[in-house]
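J.: Keeping their order, the protein sequence lines are chains X and B.
Using my numbering, the first residue of the first sequence is number -3, and each one after it goes up by one.
Using my numbering, the first residue of the second sequence is number 480, and each one after it goes up by one.
FYI, nobody ran anything at the bench for these hints, they're computed from the structure.
Just so you know, not all the hints are guaranteed correct.
[Stated by the list, open to error] Some chain X residues close to chain B (C-beta under 10 Å, calculated; not the full set): (1) Asp187; (2) Asp281; (3) Leu287; (4) Asp291.
[To be verified] Listed below are several chain B residues computed to face chain X (Cβ distance under 10 Å; list not exhaustive): (5) Ala481; (6) Gly494; (7) Arg495; (8) Cys530; (9) Pro552; (10) Cys561; (11) Gln562; (12) Val563; (13) Pro564; (14) Pro571; (15) Met581; (16) Gly582; (17) Phe584; (18) Gly667.
The beta carbon of each residue, even a glycine, is placed where N, CA and C say it ideally should be.
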Amino acid sequence: MTRGSRKSWQYFGLGLAWFYLLLWPLLGIRDGELHFAATFAVWLRVAVGATICFVLYRLGKAGRLDGVLHPLAAARDAVGDAMSRAPRWMLLTPVIVFALAYPMLTNRYAQDVAINVLVYICLGLGLNVVVGLCGLLDLGYIAFYGVGAYTYALLSVHYSVPFWVCLPICAVFAAVAGCFIGYPTLRMRGDYLAIVTLGFGEIVRIVINNWMALTGGPNGILGIKSPGIYIPHFVDGSFSFEYLLLRKLEYLYYVILALAAFTIVAVHRINFSRIGRAFEAIREDETAAELMGVDTFRFKLLAYALGAVFGGLAGAFFAARMRFVSPESFTFIESAMVLAMVVLGGMGSIPGVILGALALVALPEAFREFELYRMLAFGGAMAVMMLVRPAGLWPAARMGKRSDDTE
Amino acid sequence: MAAILELEGVCAHYGRIQALRDVSLRVEEGEVVTIIGANGAGKSTTLMTICGIVRATAGEVRYAGESIRDKRPDQLPALGLCQVPEGRRIFPRLTVQENLDMGAFLRRDADEIEADLGMVFRLFPVLHERRKQHGGTLSGGEQQMLAIARALMGRPRMLLLDEPSLGLSPMISQHIFRIIRNVNEERGMTVLLVEQNANMALKLADRAYVMETGAVVMEDDAAALRENADIKKAYLGQ
Ligand SMILES: Nc1ncnc2c1ncn2[C@@H]1O[C@H](COP(=O)(O)OP(=O)(O)O)[C@@H](O)[C@H]1O
Ligand SMILES: [Mg+2]
Chain X
-3 MTRGSRKSWQ
7 YFGLGLAWFY
17 LLLWPLLGIR
27 DGELHFAATF
37 AVWLRVAVGA
47 TICFVLYRLG
57 KAGRLDGVLH
67 PLAAARDAVG
77 DAMSRAPRWM
87 LLTPVIVFAL
97 AYPMLTNRYA
107 QDVAINVLVY
117 ICLGLGLNVV
127 VGLCGLLDLG
137 YIAFYGVGAY
147 TYALLSVHYS
157 VPFWVCLPIC
167 AVFAAVAGCF
177 IGYPTLRMRG
187 DYLAIVTLGF
197 GEIVRIVINN
207 WMALTGGPNG
217 ILGIKSPGIY
227 IPHFVDGSFS
237 FEYLLLRKLE
247 YLYYVILALA
257 AFTIVAVHRI
267 NFSRIGRAFE
277 AIREDETAAE
287 LMGVDTFRFK
297 LLAYALGAVF
307 GGLAGAFFAA
317 RMRFVSPESF
327 TFIESAMVLA
337 MVVLGGMGSI
347 PGVILGALAL
357 VALPEAFREF
367 ELYRMLAFGG
377 AMAVMMLVRP
387 AGLWPAARMG
397 KRSDDTE
Chain B
480 MAAILELEGV
490 CAHYGRIQAL
500 RDVSLRVEEG
510 EVVTIIGANG
520 AGKSTTLMTI
530 CGIVRATAGE
540 VRYAGESIRD
550 KRPDQLPALG
560 LCQVPEGRRI
570 FPRLTVQENL
580 DMGAFLRRDA
590 DEIEADLGMV
600 FRLFPVLHER
610 RKQHGGTLSG
620 GEQQMLAIAR
630 ALMGRPRMLL
640 LDEPSLGLSP
650 MISQHIFRII
660 RNVNEERGMT
670 VLLVEQNANM
680 ALKLADRAYV
690 METGAVVMED
700 DAAALRENAD
710 IKKAYLGQ
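Hey, can you work out the whole structure from these sequences and the hints?
T.: Shown next, in the form of structure tokens:
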């Protein structure tokens, strides 16, 4: 055993001991006393798992696993190479076909999860414009989701405005809300901006919670209509339209799939436009961008409003799907989740954010039994990610790469 | 000749600290003028006040006969006034090509932009080799070249340069100074150059101002200043 490896084992042992101390008060408190056994059982499982991983990691580092790892790495490189050379449609087609066929292959539960994932993809991509592209740390993003949801809820319940008419209205309302919040806050930079957006996010939720007359307060709003479509109908040679409410889960799945596709295309276009470049310049160096003639305040406001638009669209869908909204759905933890998706997936990267949403929504569903330890696993996974993949699951290959750059 | 840039009794403050006292200077169209002075003399503050990043608390700044005192920094490139700030400040995670595109942010004339791109690549061939690389991966000298090239992409009438030789080897500094001279002579671009490296700056410039503790203390032809006994002692180390 070399000195380096002994040292790393020492640290590993220390880490496990520390983890145990951390776990004990978390899991061991019963009837006001600290119990040993329950914590130990959980800890032992985690410790065994971690030790196996660590042994493999050490062996890999020492070169003992080269016989296995080298062919694997070669295979991965070959696949990556083939993927980068294949035209884009060849990669996208299977994904699109799968997405379209999904409701036919799965049950209600799986469709429900998929709808959740797609909603969060919209939110993540919207926030990605603000955080990933423009570099503005926004901790109150979920407010726009709330604005969109309540806009549709109120218009639907009081004025019976159909969903499709409401969609653009929700987008506009969210954008206006973005400008309202952005106007006073975007003069600040960095940490201050984060704190102020956090405050505004909470303000929106608290206003919703207390404005009984308009929003129903904590009781929320009931009886929101599902999206509907007109289906052409032929009866005995006469032609009419039949109005169909899209209540079934698989119809709703297609609605949010379309919204997510719209969001992906829109964010992709923003990414590679002159405006997107200006956003990135602001992220990189605000003063330098200003010296290049970028009106930084207006562009930051634009980024904020654009991000809000996607949040608002997702919010409208959320209200239509649940047919109920209440302030509980728009708490700070939701903002944090969306931000975690962006960071985990890779800031500024569209496939990264999609992966991030998948990882943070679908994986917890897959590990339902461990519900209790979800936050623990979440924190641990975040820490590990920061160590092994600091730029995210799927980092932006070259931030701001131009779409016409084929070399 | 008409003055393209004129400062009259400009004062500037950082909080309660006065950084500029009554600074007056003028630059004629087509000239290379340098401001030399020790660290902390207020040279950078002068440039930032011209660009509106620091607000003048008194006095007047005129560019091309028009007051620019109340303009925002982002309004100046459109008027043809472009600054290469201290410490280069390129966009580290944008490629060299994208950095240059940002320099032409306000321009819409695609053909002319393409021509200017060819021009800066001829001036700095190394940037052409590196054009797909992130700006942050360039060496210090290359980053300075990129910063200057990016400013040139805006096709400015007047260029403000803040210590382009900072942290560079004498050889690379000289290369950059030659290119500044070249741009001035071939394109008739007016240059206001801030430098601590008085020796090189005075060789390049037509005229010079000397700043100390926030005020202009001397102004003369660059050649004359190089022979001045005080300057020799204080700034040229002779
Ligand atoms: N952002 C700032 N806040 C407070 N004081 C500053 C700031 N920037 C510069 N100063 C002060 O203003 C004076 C002039 O600085 P500067 O213009 O950067 O000098 P130079 O460029 O000649 O080295 C210095 O005393 C410096 O400490
Ligand atoms: Mg300086």
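J.: Evaluate each hint against the coordinates.
T.: Hints, verified against the model:
1. Asp187: violated, 20 Å
2. Asp281: holds, 5 Å
3. Leu287: Because about 5 Å separates Leu287/X from the closest Cβ in chain B, which is inside the 10 Å limit, the hint holds.
4. Asp291: holds, 5 Å
5. Ala481: Violated - the Cβ of Ala481/B stays beyond 10 Å from chain X, reaching only about 24 Å at its closest.
6. Gly494: violated, 18 Å
7. Arg495: violated, 22 Å
8. Cys530: Given a least distance of 7 Å, the restraint on Cys530/B holds.
9. Pro552: holds, 4 Å
10. Cys561: Since chain X brings a Cβ to about 7 Å from Cys561/B, closer than 10 Å, the hint holds.
11. Gln562: Check passed: Cβ of Gln562/B comes within 5 Å of chain X, closer than 10 Å.
12. Val563: holds, 8 Å
13. Pro564: Interface hint status for Pro564/B: holds (6 Å vs cutoff 10 Å).
14. Pro571: holds, 6 Å
15. Met581: holds, 5 Å
16. Gly582: holds, 6 Å
17. Phe584: Since chain X brings a Cβ to about 5 Å from Phe584/B, closer than 10 Å, the hint holds.
18. Gly667: violated, 22 Å
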